[in-house]
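Visitor: Position 154 (the sequence shown) corresponds to 136 in the numbering used here; numbering is contiguous.
Read the hints as simulated data drawn from the structure, not as lab findings.
Just so you know, these numbers come straight off a predicted model, no measurement behind them.
Be aware that a few hints might be false.
The calculated DSSO-like cross-link candidates involving lysine-lysine, where the alpha carbons are at most 27 Å apart (straight line), are [what the hints assert, rightly or not]:
| # | residue 1 | residue 2 |
| --- | --- | --- |
| 1 | 104 | 65 |
| 2 | 143 | 129 |
| 3 | 145 | 128 |
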Amino acid sequence: ALLVLFEYGVDVQTSKDLISELEIEDNVLWLPKMSRSEIMILLSLADITCGEFGPGCLGGGTTWEALSSGSILMHYVDTDKIKFEHFDSPYPFINARTANDITAALESFENKDSAILNLAEKGSQWFDRNINEKSINEWIYLINLKKNEGVAALENYIAKKNKQNLAKSNWA
-17 ALLVLFEYGV
-7 DVQTSKDLIS
3 ELEIEDNVLW
13 LPKMSRSEIM
23 ILLSLADITC
33 GEFGPGCLGG
43 GTTWEALSSG
53 SILMHYVDTD
63 KIKFEHFDSP
73 YPFINARTAN
83 DITAALESFE
93 NKDSAILNLA
103 EKGSQWFDRN
113 INEKSINEWI
123 YLINLKKNEG
133 VAALENYIAK
143 KNKQNLAKSN
153 WA
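All chains, please: the whole structure from these sequences, using the hints.
Guide: Below, the structure written as structure tokens:
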């Protein structure tokens, strides 16, 4: 197995020190910062893509990139706090927080556990439904709104949506 890591973020040196302490340097490949398009090519080749294991958040770029690339996502989400309310369901992923969680998931993958192996396809399907299709449908609606009712209707719709989104957020 090969662990591919990017030299990105505040924990690079801590990670390098831990890898050295664990004496697994021969199984780790460090890559420099790359453009999103280069990263996406590499993610499409990955068996498992890891997000964050500390904060328990919904995720960021890594989450969406893993799901869209067809790679299995391993990440930690605090399901007591994160509710996936803007999606039709939680995204398919390995919810791992501790070293034991991560080890168990990797062992399940190594043992070809179908529940783990199916996460790649399920994640890609989830991304298509919840991100791609919703975005495309919204853009089609906006184009048709402008075409059929004019710029003022489009501007009113966008202002109303922005107001609704602000009211739902913690920034209101």
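Visitor: Hint by hint, note whether the structure agrees.
Guide: Each hint tested on the structure:
1. 104 - 65: The given pair, whose Cα atoms are some 19 Å apart, holds under the 27 Å limit.
2. 143 - 129: Between residue 143 and residue 129 the Cα gap is close to 19 Å, so the pair holds against 27 Å.
3. 145 - 128: 19 Å, holds
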